[in-house]
Amino acid sequence: MAKLYKRMQNPKLLTLLEDIVKSEINVLIGNLLDRFDEEIVPLEDEEDPARPSICREEFKQFLEETILDSIKILINEGSIEIGIGDANKLGFGEELDEETTDCIKIIGTILQGINGRYVLVTSEMTGGPEGRFGKAFIMPEDQYRAEALSHGWDPHRPIWRFSDFPGIPDFFERVNFGKLVDRIIQRLGEALSK
Amino acid sequence: MMQKLRQEDLSLHHYLRFNVLNQYIETDYNIPLEYLSDISEAGSYVYASSSTRLPSPTSLGRGWVYLDNYGDTTEQQNAVTVYDASNAVISGSNYMIDYVDGRIVTSDVGIVPSSVTYQYFYVSLVNEWQDVAAADVPVVVVNLEATEKEGFQLGGGKKPIRRGRLHIFANNQAERDDLIELLYDGIDKKCVPNQIWPQGSMIDWDGTFSNNYIYEVAQYESSLHIDDVVARNVNPSLLSAVPRIDMTMLSDLNRYRARIDFNMFYWKEN
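Top line first, the protein sequences correspond to chains F and X. Residues 1 to 194, numbered by the working numbering, are exactly what the first sequence covers, in order. Residues 1 to 270, numbered by the working numbering, are exactly what the second sequence covers, in order.
By construction, these hints were calculated from the structure, which means they are not laboratory data. Quick caveat: nothing in here was measured; it's all calculated off a predicted structure. Some hints could be false.
DSS-like cross-link-like pairs, simulated, lysine-lysine; straight-line CA separation at most 25 Å [unchecked claim]:
1) Lys268/X - Lys159/X
2) Lys159/X - Lys179/F
3) Lys268/X - Lys179/F
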């Protein structure tokens with residue numbers, strides 16, 4: 001153990017470990033995107049300009065950034081910690097971090113589910129800024145129908161396809177972190193024995 | 001024959017209703033009873049309460065209280081009191097109670113109920129996500145959504161584990177936080193009697209207390225244990241983004257939400 005500890009102080013080995021972790025995380029993200037493709041995309045409205053499949057690449061990028069940011073390799077404790085996503089940006093947690101994009105808001109809301117019938121109002125409709133700090137939001141259908149004309153929106157806009165959707169609260173939970181860490185350790189062991 | 005999952009679901013409901021959410025039992029006093037001629041007939045005279053409380057005491061997932069205490073196996077004696085026109089108490093042996101719809105049913109045309117004082121469940125408890133809108137907040141949705149059955153010893157024993165969630169929908173932040181705390185503490189590392197409900201649940205299909213109800217727990221099985229309890233607020237991102245300045249913001253049932261995840265498991269022989 002002491003020998004391994006000393007070897008892990010070597011910056012080259014640390015870089016090797018980080019490379020292994022990153023490549024394994026790509027597998028993990030691939031699994032999450034498979035679930036996205038299988039459980040969310042088939043439910044979308046193909047006519048919806050803000051449908052989830054349009055957001056797929058942005059969601060992938062979000063996962064990559066937030067997972068990589070969360071990796072902690074604790075040499076002294078001999079452990080690797082990996083978190084997933086940014087809970088607050090997806091709407092889980094004490095406070096919502098609203099400084100995110102429309103796409104992440106849309107996907108976060110789908111994952112958590114929404115009860116009742118809503119209409120999605122996008123930045124395109126409000127003239128709000130695109131990109132980060134997106135301004136998309138949902139309104140209860142009754143309220144939307146009553147107020148749409150006064151805002152210059154189509155009062156007949158269909159309800160959001162993910163209205164009354166119970167969400168996929170276990171979206172991240174099915175990821176087996178134990179297996180992931182086992183694979184990382186195995187690959188590291190193989191690299192060290194060469 | 002009720003299957004195991006439904007037995008456990010019923011057991012959990014019963015526990016939550018009477019041993020956790022009993023802190024949210026309210027009393028509605030001297031509510032007038034109205035005779036319903038269209039559903040009454042000779043020998044069955046139906047009277048409905050007309051409470052003005054919101055949420056309605058008889059809305060989905062609520063209803064009148066039918067036990068005096070958690071653990072009782074017989075119909076309540078103190079939670080519902082019926083009065084005649086002179087405000088005298090009518091003996092409970094003279095009527096039946098429909099606890100779901102809030103009705104009194106007499107078989108004697110000479111007994112005329114006039115008003116009722118009753119306890120009811122303020123927090124709605126439902127099974128279906130789709131029931132939330134009809135129930136009115138506050139609502140708790142109980143969902144046992146995944147099952148894993150693993151061995152727990154050499155031999156034939158098993159440890160079935162149900163992954164469960166409680167979805168909380170509240171009127172405001174204070175109510176949501178209170179419900180989170182109450183439900184978390186109410187289930188974390190607690191045991192629920194593992195009832196098998198051999199003659200069905202306590203409430204019959206017509207809303208009355210079932211005379212056939214039998215309290216019986218599963219043989220060669222432990223009680224239902226609950227652990228791995230995690231509570232978190234849920235803030236639907238798209239809802240929180242509604243601009244406050246130029247929109248009329250109606251009350252919204254998704255605004256004050258939370259989720260409590262848990263595992264419920266037991267050990268069984270063979």
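Requested in this report: Take the C-alpha atoms of Lys159/X and Lys179/F, compute the straight-line distance between them, and say whether it is at most 25 Å.
Outcome: This hinted pair holds, its Cα atoms lying about 22 Å apart.
Query raised in the report: Taking only the CA atoms, is the gap from Lys268/X to Lys159/X under or equal to 25 Å?
Result: With a Cα-Cα distance of about 6 Å, the restraint between Lys268/X and Lys159/X holds, given a limit of 25 Å.
Query raised in the report: Can the restraint linking Lys268/X and Lys179/F be considered satisfied, given a maximum Cα separation of 25 Å?
Result: Judged against 25 Å, a Cα distance of about 29 Å means the pair is violated.
Comparing the model with each numbered hint stated earlier shows that hint 3 is the single one that does not hold.
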